[in-house]
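Student: Chain by chain, the residues run as shown.
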Amino acid sequence: MRILKLYLQPLWNARLLLIYSFLAGFAILILAPFLMISLRSVGKGWFGKLWFPPELTLQWFQSAIDIGNIPEVLRNTAIIAAIAVAISTAIGILSGWAFGRRHLPGKEMLMAIILLPRMIPPITYALGVAKIFYGLDLVNTYLGVGLAHVSLCAPYAILVLSSTFEALDERVLEAATVCGANTLKSFFYVILPMILPGILASMIFTFTTSYNEFTLTLMTYGPDTVTMAVRTYLAIGEGYVEITSAMAVILVVPSLVILAMIQGGIQPEKLIGGFKGV
Amino acid sequence: MSDIMIEFRNLTKRYGTLLANDHVNLQIKRGELMTLLGPSGCGKTTALRGLTGYVRPDEGQILIDDKDVTNLPTYQRQLGMVFQNFALFPHMTVWDNVRFPLMIRGVSKKDSEAQVREALQLIRLEGLSDRYPRQLSGGQQQRVGLARALVYRPNVLLLDEPLSNLDAKLREEMRFEIRDLQRRLGITAIYVTHDQQEALALSDRVAIMKSGHLEQVGTPEEIYEYPRSKFVADFIGLSDFIPATVEGFDARTARISVAGVALNAPAVEGLSRGQKILLFIRPNDVELVTSESGENILPGVVHQTTYLGDRMDYRVQIADGVNARVQTASGHRYAQGDRVHLHLPVERCRLIQEE
Chain A
1 MRILKLYLQP LWNARLLLIY SFLAGFAILI LAPFLMISLR SVGKGWFGKL
51 WFPPELTLQW FQSAIDIGNI PEVLRNTAII AAIAVAISTA IGILSGWAFG
101 RRHLPGKEML MAIILLPRMI PPITYALGVA KIFYGLDLVN TYLGVGLAHV
151 SLCAPYAILV LSSTFEALDE RVLEAATVCG ANTLKSFFYV ILPMILPGIL
201 ASMIFTFTTS YNEFTLTLMT YGPDTVTMAV RTYLAIGEGY VEITSAMAVI
251 LVVPSLVILA MIQGGIQPEK LIGGFKGV
Chain B
1001 MSDIMIEFRN LTKRYGTLLA NDHVNLQIKR GELMTLLGPS GCGKTTALRG
1051 LTGYVRPDEG QILIDDKDVT NLPTYQRQLG MVFQNFALFP HMTVWDNVRF
1101 PLMIRGVSKK DSEAQVREAL QLIRLEGLSD RYPRQLSGGQ QQRVGLARAL
1151 VYRPNVLLLD EPLSNLDAKL REEMRFEIRD LQRRLGITAI YVTHDQQEAL
1201 ALSDRVAIMK SGHLEQVGTP EEIYEYPRSK FVADFIGLSD FIPATVEGFD
1251 ARTARISVAG VALNAPAVEG LSRGQKILLF IRPNDVELVT SESGENILPG
1301 VVHQTTYLGD RMDYRVQIAD GVNARVQTAS GHRYAQGDRV HLHLPVERCR
1351 LIQEE
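Here the protein sequences line up with chains A and B, keeping their order.
Mapping of the first sequence onto my numbering: residues 1 to 278, in sequence order.
Mapping of the second sequence onto my numbering: residues 1001 to 1355, in sequence order.
Looking at chain B on its own, in the form it has when it is part of the complex:
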């Protein structure tokens, strides 16, 4: 039994001239929850449909549990899937909806009873088994969707934006519920979403997609802390990009200048002297300090202030056309026009190539 449960090999799909999947290579480990994250049209849904067999790839292979399923019909792939619009069978009760995968597999009414009951217990809806989907709330419907997907213990659980149709509060609640369920059952899962917070909260690993190809794959922490491109940095969390020039570098540290001020940042591969580069930092990592001396201090003028309740958001002008963004919870309130000093901690600075 290999460690890899699902593998995309060079998955490619074209719609006319549009490249929906461009040689996607991705391995998903047994028991792992992998999120495919990206803006709409990035190809994440096409990749998922490739796995279900609803979309036939033009090139490449898909393996589930070391078995090539590229040409296997959908109904033989032993998958469980949860849909954005729930996609319950409207003419069946909750019980019959959950029993459906078992019924299709020829399990008798009597034999399937225990499994259906267990699945309904998992999602805490035992009392509603006689209801029809239209009599349930969105959250309840999606729980039924989960039970239906899990009832026959499939190899793989697929979740296609399962929380997008729910309101914000319920969405956050269900995140933990799904995560907990997936962990308890130890099932391999692929979760498709365009919501970066959802991806960070849920995933073992995140695969970020952009116009058909994988931009970066890693744990939520890796993706958040070490984004490999401007796209990833921009897509995940708050981000600020300050144009800079490379002045020099050694194996560990690069010296750059921002609007004439010398700063240090961890070195990255592929640097060259005089090169234009972006200094990437999260606005909540920047500190406002009083001292003018010290490492990585940028002077500027407060340009705009926004009150966000638990913190303040400042836009600080460094030079003409060069702005930095700071979010801080610290006590002192600055006003528009105040001169401030920004401290950019070296270990929080990242250098990213312009795209």
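Just chain A, with the same shape it has in the complex:
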């Protein structure tokens, strides 16, 4: 036993090293593809077995913007995301109120149905949505693509805002009413400021969901409603690997900005000069 311990001791001492090597390997696994794409988007003459591009350039980004029509594509993406965020947030506020503040019969059942689009394979769901939207002439419209995104965004909004409303102190609302505020004034002066952090969190979630969404967009887009994700996908078929890489890098920027904001401790409630619960 003592001998065993003697032999294992160095290994035990090396456990930190082991843990860090494992983490480093994991990080490489996650970051490698991203690094690859980034290098590709700025590399020139990078062929064969070279470890690093021989020449760096920004011309692929210029080409992507010119050929890929990126400004218009980004505008489409923003409009569609805005529609998805607006509708989802509205749905989220109303359902969140109902789920969080009322005793609903069959609450669990309703929740399950709402979460369904997130549970079934996206392509199955997208095929169904496409069939309906062709019938309604919603394909290739901002509203159509936005609505398709709502089916994936709204569950997030509902979940986030349900817990936000659940955390609202009933007595504080009662205090507002006794102080003389009618329903409308209570909402604007008391409820809204108190749920604003939740609304902001829900908007960030729904925005990234809509912005990143590919499958549903692919089944409902048209020439006038190409989004960034779909445009990147189409570029693969066009055959210019460097330009496609440049688009992929542009595609990822907003998500990184949001991630950096969250990681940097910029909490949504701080953005609006608010508070942190009672």
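Simulated from the structure, these hints should not be mistaken for laboratory data.
Fair warning: there could be bad hints in the mix.
Some chain A residues judged to face chain B by a derived CB distance under 7 Å, without partners named [claimed, not checked]:
1) Arg-171
2) Ala-175
3) Val-178
Beyond 10 Å from chain A on every Cβ pair, some chain B residues (computed) [stated by the list, open to error]:
4) Glu-1007
5) Arg-1014
6) His-1023
7) Leu-1026
8) Glu-1059
9) Gly-1139
10) Glu-1172
11) Gly-1218
12) Glu-1221
13) Gln-1317
14) Gln-1353
Once the Cα atoms are required to be at most 35 Å apart in a straight line, the calculated DSBU-like pairs of lysine-lysine come out as [unchecked claim]:
15) B:Lys-1276 - B:Lys-1230
16) B:Lys-1067 - B:Lys-1210
17) B:Lys-1230 - B:Lys-1029
18) B:Lys-1210 - B:Lys-1029
19) A:Lys-185 - B:Lys-1067
20) B:Lys-1110 - A:Lys-185
21) B:Lys-1230 - B:Lys-1210
22) B:Lys-1276 - B:Lys-1210
23) B:Lys-1067 - B:Lys-1110
24) A:Lys-185 - B:Lys-1109
25) A:Lys-185 - B:Lys-1029
26) B:Lys-1169 - B:Lys-1029
Computed from a prediction, not measured in an experiment: that's the story for all the values here.
The beta-carbon is built from N, C-alpha and C at its ideal position, and this holds for glycine as well.
Please arrange chain B on chain A, whose structure you already have, making use of the hints.
Tutor: Chain B only, in chain A's frame:
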């Protein structure tokens, strides 16, 4: 202008089969502080919520200043309310919290300044007006709650267990502060609590509630000295009930026997010879005496002694299954097993029907 500020008329509220308020009739005078006192679930909070309009009564009416407000929405009732958990607006500073009722009523920032300042002065928190509620202690938060309730001089001040979330020392301090404030402003107030000491210390009158109905309404003294039921006697202060039998009575005095010993007590209504009744007395009214003769002397044996600092608590066995409790500050210490004589002063004895 009538003398009555608030009136509950036959207020009734059911939750399913539970009768939360059972035909409650109560009048509260202008400028009076009335306490609704009772154990949890007795309906005191339901009655208060009926007054604010947060609970719609199934039957009956509520009048404020002779005006039927039963169907008036909460925000039109011109009330000020203080909550157990303070219920301040977490996203507003102390100043904005206190200004809220004025802002809602459309008073401009400039015009409301003097009133907010005055309200903050009332509660001695002028220096903290820029703080947020989460930066204040519990006692400070509750003071802000008071200022917010009083700032626009409402008709009625409602206090829903306002001191329950504070520690014992602060609770006692704030009692006097609230009482003083209510007196100075002459505002009519309803105070809901389950703490009988708080009720006695604060109130002009106390209404004791039990399972949805009013058990007794009276001044703290009346409630303490002349409880009308075992429930009230038991709920307020220390109390001891000794089973007795009525031997005879006239208009003033009843003769009863406790474990074969004859005693006298002031007569009450509804007595009959041979009736089983409870002799109610406060343990601190009972005296331990040396003489065996005299009026209302009960012999017994000390069964248990408890040291309480300023006084001693004795459980004295009178007979098999009949015990009496004595609390006394007097010098001589008795030990377990000592034979003692209890003097129950006639004027301190009350006869109460068994429930």
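Student: If a hint holds in the structure, say so; if it doesn't, say that too.
Tutor: For each hint, the structure was consulted:
no.: 1; hint: Arg-171; verdict: 4 Å, holds
no.: 2; hint: Ala-175; verdict: 4 Å, holds
no.: 3; hint: Val-178; verdict: 4 Å, holds
no.: 4; hint: Glu-1007; verdict: 19 Å, holds
no.: 5; hint: Arg-1014; verdict: 18 Å, holds
no.: 6; hint: His-1023; verdict: 25 Å, holds
no.: 7; hint: Leu-1026; verdict: 20 Å, holds
no.: 8; hint: Glu-1059; verdict: 23 Å, holds
no.: 9; hint: Gly-1139; verdict: 16 Å, holds
no.: 10; hint: Glu-1172; verdict: 24 Å, holds
no.: 11; hint: Gly-1218; verdict: 29 Å, holds
no.: 12; hint: Glu-1221; verdict: 32 Å, holds
no.: 13; hint: Gln-1317; verdict: 49 Å, holds
no.: 14; hint: Gln-1353; verdict: 40 Å, holds
no.: 15; hint: B:Lys-1276 - B:Lys-1230; verdict: 14 Å, holds
no.: 16; hint: B:Lys-1067 - B:Lys-1210; verdict: 28 Å, holds
no.: 17; hint: B:Lys-1230 - B:Lys-1029; verdict: 27 Å, holds
no.: 18; hint: B:Lys-1210 - B:Lys-1029; verdict: 22 Å, holds
no.: 19; hint: A:Lys-185 - B:Lys-1067; verdict: 25 Å, holds
no.: 20; hint: B:Lys-1110 - A:Lys-185; verdict: 21 Å, holds
no.: 21; hint: B:Lys-1230 - B:Lys-1210; verdict: 12 Å, holds
no.: 22; hint: B:Lys-1276 - B:Lys-1210; verdict: 24 Å, holds
no.: 23; hint: B:Lys-1067 - B:Lys-1110; verdict: 32 Å, holds
no.: 24; hint: A:Lys-185 - B:Lys-1109; verdict: 17 Å, holds
no.: 25; hint: A:Lys-185 - B:Lys-1029; verdict: 33 Å, holds
no.: 26; hint: B:Lys-1169 - B:Lys-1029; verdict: 31 Å, holds
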